[in-house]
Amino acid sequence: MISQSAGTLAIGIVIFAGLLLTLFTLLYKRFPFYFRNILAFMRVRRAASLVVEDGTRLHVSIGSANLLTPAAASALAGLAIIRHLGEVTSLSDHPPVTTTGSATLNLLAQDTLRTAHEAVATEQAFDMNNGRLAGLTPLSYVAGVMPTIRDEKISTNVIIGNFGPEVGLLTEAADRQKTPIIAASDSLPAQAVLYVATQEPLIGEELFAAGAYTQSGPGHAASLLVQDVLRWLIILALIGGALLKVAGLP
Amino acid sequence: MRRIFPIINAVVAIGAGLIVLIGYFADLQGMMEFRLLLFQWAVIVGGVAVLVGIWNLFSVHLQKIRAKKPGSIYSLVLLFFLLLTLFLLYFPLMLQSIVSDDLAQVNTVSTVNTIILDGIIIPVEVSLMAVLAVTLIVSAIRMLRTRADLPAIVFLATAFLTLFGIALRSFLGQIPVIGDLARSQFITDVLALGGARGILIGVALGTLTTSLRILLGIDRPYGGK
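These protein sequence lines are chains D and H, in that order.
Count the first sequence with the working numbering and you get residues 327 to 576, in order.
Count the second sequence with the working numbering and you get residues 61 to 285, in order.
Hint data in this document are derived by calculation from the structure and do not stem from the laboratory.
Glycine residues also receive a C-beta, built at the ideal position from the N, C-alpha and C atoms.
Where hints are given, some of them may not hold.
If you anchor each label on the Cβ, the simulated ranges turn out as follows [claimed, not checked]:
{"hint": "1", "chain 1": "D", "residue 1": "D380", "chain 2": "H", "residue 2": "L97", "range": "49 to 59 angstroms"}
{"hint": "2", "chain 1": "D", "residue 1": "D453", "chain 2": "H", "residue 2": "R205", "range": "32 to 42 angstroms"}
{"hint": "3", "chain 1": "H", "residue 1": "M154", "chain 2": "D", "residue 2": "E379", "range": "52 to 62 angstroms"}
Reference excerpt, derived from the structure (chain D facing chain H, CB under 8 angstroms, subset only) [said to hold, decoys possible]:
{"hint": "4", "residue": "A336"}
{"hint": "5", "residue": "F342"}
{"hint": "6", "residue": "R458"}
{"hint": "7", "residue": "P491"}
Here are the computed lysine-lysine pairs in the DSS-like style, where the Cα-Cα straight-line distance is at most 27 angstroms [said to hold, decoys possible]:
{"hint": "8", "chain 1": "D", "residue 1": "K355", "chain 2": "H", "residue 2": "K128"}
{"hint": "9", "chain 1": "D", "residue 1": "K504", "chain 2": "H", "residue 2": "K129"}
{"hint": "10", "chain 1": "D", "residue 1": "K479", "chain 2": "D", "residue 2": "K504"}
{"hint": "11", "chain 1": "D", "residue 1": "K355", "chain 2": "H", "residue 2": "K129"}
{"hint": "12", "chain 1": "D", "residue 1": "K479", "chain 2": "H", "residue 2": "K129"}
Assemble the whole structure, with the sequences as input and the hints as a guide.
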């Protein structure tokens with residue numbers, strides 16, 4: 327249990343953010359928002375449209391986050407990508423393949439793939455083995471994903487979720503196959519590795535923009551706007567706090 | 061029924077999420093117990109999910125062997141050692157539980173377990189980390205070739221300075237100005253820490269809005285259209 331004042335402030339922020347999210351979602355149809363271009367997400371959209379034509383498949387890896395920890399949010403952002411790519415490419419001969427490093431996350435990934443498959447309503451039967459548990463520790467997971475990158479006629483790898491610096495081995499495996507890789511992680515060491523190892527690195531909260539840039543649903547777009555509003559409030563609070571400290575006020 | 065199930069799923073998921081959230085901030089009567097109960101259920105479901113996950117791993121590699129896909133020999137090796145490990149770990153336990161009347165006395169950490177963990181898994185994972193170190197150096201050199209823009213050069217220069225600063229701190233300490241810079245850890249404690257905090261605030265805001273989308277039923281990772 328956290329202290330009462332901190333708890334009150336935190337619940338206030340959550341309620342405020344929830345109200346803003348609802349408001350912006352409702353306003354989206356009348357006043358659609360426009361966001362800057364992020365090259366990595368443009369690549370994802372392009373790759374999805376090419377898959378149906380060239381008979382290759384997409385590989386989406388969403389990390390090894392435990393669903394009972396805050397790191398699960400990054401995996402949930404990855405699930406939004408799986409849903410979108412599953413719907414767009416389910417009509418192809420080779421539906422997308424997902425890899426995870428957590429058993430519970432694997433169930434969610436399989437279910438998301440199945441839902442996307444049913445949404446397109448293809449006659450082709452859904453194969454549960456397209457959602458794969460690659461390993462249960464970070465390094466065994468990476469070792470399990472590398473053969474998928476190498477052997478499955480992958481045209482693009484989308485790696486979004488909770489990874490550590492071991493993600494560098496995945497970027498290297500993709501580079502050896504000369505397949506593009508779009509990667510993002512919520513962990514700072516992994517972001518540093520990805521900055522070095524990928525062409526268009528996604529830094530910080532850009533990971534959570536995946537849904538808004540690929541699905542462009544009102545809820546996802548509104549959540550980006552809420553993030554911006556909250557970020558400005560935090561900046562103002564930090565500057566205000568610094569000024570108060572300089573002025574010698576408590 | 062196909063339309064009712066997603067609604068029930070959403071109601072249960074959102075309800076459980078709200079209870080856990082409120083229980084975290086407010087000390088209401090019975091809320092803590094119910095929250096803990098939900099966590100216990102989640103842990104049990106997680107345990108069962110591991111079994112399902114291992115079956116998935118087995119099934120994927122069996123499919124690969126049957127289809128004679130490239131690299132199926134590795135799948136064969138994996139399945140062989142998966143079954144062997146299961147046998148080596150559980151056979152002694154089964155024998156012990158048959159011989160011993162008191163199940164609490166059964167030694168769950170067998171010698172085989174220690175050998176597999178300390179002699180095989182940990183050394184292999186450590187060697188993978190060593191490969192990673194080399195991979196990162198190669199990636200850094202490659203980055204200069206493919207993306208030689210200002211941020212990339214600043215990034216590499218900072219990494220180089222920081223690493224050499226740490227390694228040579230005792231030697232640089234004697235040189236005026238440079239020694240003071242190396243001791244002050246200005247790059248790691250001020251610049252890098254400030255940047256890291258900024259990125260972490262962004263990640264925290266992303267986490268908050270992602271969670272709110274699920275609590276409001278906008279995102280449904282548990283299925284549903």
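Status of the hints after comparison with the structure:
no., hint, verdict
1, D:D380 <-> H:L97: 49 to 59 angstroms, "51 angstroms, holds"
2, D:D453 <-> H:R205: 32 to 42 angstroms, "40 angstroms, holds"
3, H:M154 <-> D:E379: 52 to 62 angstroms, "54 angstroms, holds"
4, A336, "6 angstroms, holds"
5, F342, "11 angstroms, violated"
6, R458, "5 angstroms, holds"
7, P491, "7 angstroms, holds"
8, D:K355 <-> H:K128, "51 angstroms, violated"
9, D:K504 <-> H:K129, "20 angstroms, holds"
10, D:K479 <-> D:K504, "11 angstroms, holds"
11, D:K355 <-> H:K129, "48 angstroms, violated"
12, D:K479 <-> H:K129, "11 angstroms, holds"
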